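Based on the provided sequences and hints, a complete structural model is requested.
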Amino acid sequence: MTSSPPRPASTQDVARDGRGGGNAMALFVIASCQLMVVLDITIVNIALPHIQRSLDFSTASLSWVVNAYTLTFGGLLLLGGRAGDILGRRRVFIFGVLLFVLASLLGGLAQNAGQLLAARALQGVGGAIASPTSLALISTTFREGPERNRAFGVFAAVSAGGGAIGLLAGGMLVEWLNWRWVLFVNVPIGLLIALATPRYIKESERHPGRFDVTGALTSTAGMVLLVYGFIRAAQDGWRDPLTLASFAAAVVVLVTFVLLERRSPQPITPLHMFADRNRAGTYGIMLCLAAAMFGMFFFLTLFVQNVLGFSPLQAGLAFLPVSAVIAVGAGLASRFLPVYGPKPFMVAGGLFAAAGLAWLTLTDVHSTYAGSVLGPMLVFSFGMGMEFVSLTLMALSNVPVPETGAASGLLNTTQQVGGSLGLSILVTIYGTASTNEAEKQVTRFLQQATPAERLEFRRTGELPGEWGAQVLTAGVSAAFVMAAVFAGLAALIAMVAIQVRPSDLERLQGGGPGGPPG
605 MTSSPPRPAS TQDVARDGRG GGNAMALFVI ASCQLMVVLD ITIVNIALPH IQRSLDFSTA
665 SLSWVVNAYT LTFGGLLLLG GRAGDILGRR RVFIFGVLLF VLASLLGGLA QNAGQLLAAR
725 ALQGVGGAIA SPTSLALIST TFREGPERNR AFGVFAAVSA GGGAIGLLAG GMLVEWLNWR
785 WVLFVNVPIG LLIALATPRY IKESERHPGR FDVTGALTST AGMVLLVYGF IRAAQDGWRD
845 PLTLASFAAA VVVLVTFVLL ERRSPQPITP LHMFADRNRA GTYGIMLCLA AAMFGMFFFL
905 TLFVQNVLGF SPLQAGLAFL PVSAVIAVGA GLASRFLPVY GPKPFMVAGG LFAAAGLAWL
965 TLTDVHSTYA GSVLGPMLVF SFGMGMEFVS LTLMALSNVP VPETGAASGL LNTTQQVGGS
1025 LGLSILVTIY GTASTNEAEK QVTRFLQQAT PAERLEFRRT GELPGEWGAQ VLTAGVSAAF
1085 VMAAVFAGLA ALIAMVAIQV RPSDLERLQG GGPGGPPG
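Residues are numbered in this note's numbering as their position in the sequence shown, beginning at 1, plus a constant of 604.
Hints are supplied without guarantee of correctness; some may be wrong.
[Claimed, not checked] The calculated label-pair distances, taken between Cβ atoms and stated as ranges, are:
#1 Ala849 - Gly718: 44 to 54 Å
#2 Gln1051 - Leu796: 55 to 65 Å
#3 Thr1054 - Asn716: 45 to 55 Å
#4 Ala852 - Phe632: 42 to 52 Å
#5 Asn716 - Asn910: 17 to 27 Å
#6 Gln719 - Asn910: 20 to 30 Å
#7 Tyr944 - Ala849: 41 to 51 Å
#8 Tyr973 - Tyr804: 39 to 49 Å
To be clear, the hints were calculated from the coordinates, so they are not data collected in a lab. As the structure is a prediction and not an experimental result, all values here were calculated from the model. Beta carbons: idealized from backbone N, C-alpha and C, even for Gly.
Dropping the structure here:
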């Protein structure tokens, strides 16, 4: 090492000077944490019908079981990344994992809807502390070039494939035990990760700074209000006073957030990150793809259980091919990124995802898994595998070490916020379409129903059998139309915004400069 001080340290410098410790066990610990955090978004999905019956959720409010987690997760990710930069990434990583474990235990013990939602929000806080730190640890542990490309490939495959793994694990736990175990399972896994971390991961250097708590709170509050507005609209209509008040408050709070960030000397959201055209485009692509992906898992899970009649375990097995195909897409992208750069994979991935979702709009009550669900699901998954590797590499390309936590946190934030906001929009579309279909099906049902069936309908307000399936399918198909639009928009952003320079290819091949010029 030379003693010349001038330029900011890059992530490549850290890997070379030994502060890392790039080895298989370090990657295993980091990837295991990411798998636990990402898996928790969908492992609960498979249990949603059981949670709904057990704790008395409506279909629209049921989405809060997902959103309570993803909103706090997405809203506080930047604060979590900043905490790792300032306090040391390993210690912050361990704290986040342990908080996640505690919240999972409390969620499994919940006796009513409020307790469950509070525990899910606390899980989001723990995930927000652990997840961006784990991604930053890869940047400072592995040498830039093929070694880091492979590590990012594993991380991206886990991030994208964890959703499908969560559905399978959730199916087994609900089938063999009960829905509470989709939360309890995190306790032993998280404790093992916390115990292994000090052994295999070295502590990073601390970088002086301050915490922008006001920015974190206003951004989270603004997104919660925005998502609540969409979900409220699905239940009570767009003219409902509380719906309009939620949207108005969201605008005020989010504008306040932007003004605070522009004036803050050390903002939670470094606005200069968006000055780089490729990085800004990457965040926009992730926002759109997350909206599409969250919607696909949420609505397809309801469809296969409530229309196709799958048990939780069968539903989990139905999603198993998703992980394998995502791994194939991620492996292909990792292999050829140094040759072609990320743009072709970003464009193609978005188009594959849009095609798969468009195909899913054709499902109806007579659909079968093999004939109508498996094919589009695999097309979608292949595209997502290519996307996640490309997006991860592009978002952290050429970022100085003091900002790797912020850069990784911002990428994760766009994923979680995009997923929450997108899901709330899709739930609104689902609600409108299913309400319109319900008016038709109620008329048909009353014309054909027996007196006993009419009495049961008046008591429960729920249409039985194929009539109810028609309502759900109409709503799901409408939601998939919008999800396909989100994925197509991601491909369009990649075409227009992303530019791959020769220096970018050099860095991917390990032969370019280690970091930004001083």
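Can you let me know if the beta-carbon spacing of tyrosine 973 and tyrosine 804 is within 39 to 49 Å?
41 Å, holds
Given the range 20 to 30 Å, decide if the beta-carbon distance of glutamine 719 to asparagine 910 lies inside it.
Given a distance of about 26 Å, which is inside 20 to 30 Å, the answer is holds.
Go ahead and decide if the range 45 to 55 Å is satisfied by the Cβ distance of threonine 1054 to asparagine 716.
36 Å, violated
In this structure, is the beta-carbon distance linking glutamine 1051 and leucine 796 contained in 55 to 65 Å?
59 Å, holds
Could one say that the CB atoms of asparagine 716 and asparagine 910 fall in the range 17 to 27 Å?
24 Å, holds
Do the beta carbons of alanine 849 and glycine 718 sit within 44 to 54 Å of each other?
About 22 Å separates the Cβ atoms of alanine 849 and glycine 718, which means 44 to 54 Å is violated.
Determine whether the Cβ-Cβ distance between tyrosine 944 and alanine 849 falls within the hinted range of 41 to 51 Å.
With Cβ atoms ~49 Å apart, the hint holds.
Can you tell me whether the CB distance of alanine 852 to phenylalanine 632 sits inside 42 to 52 Å?
48 Å, holds
Against the hints set out earlier in the document, violations occur for numbers 1 and 3.
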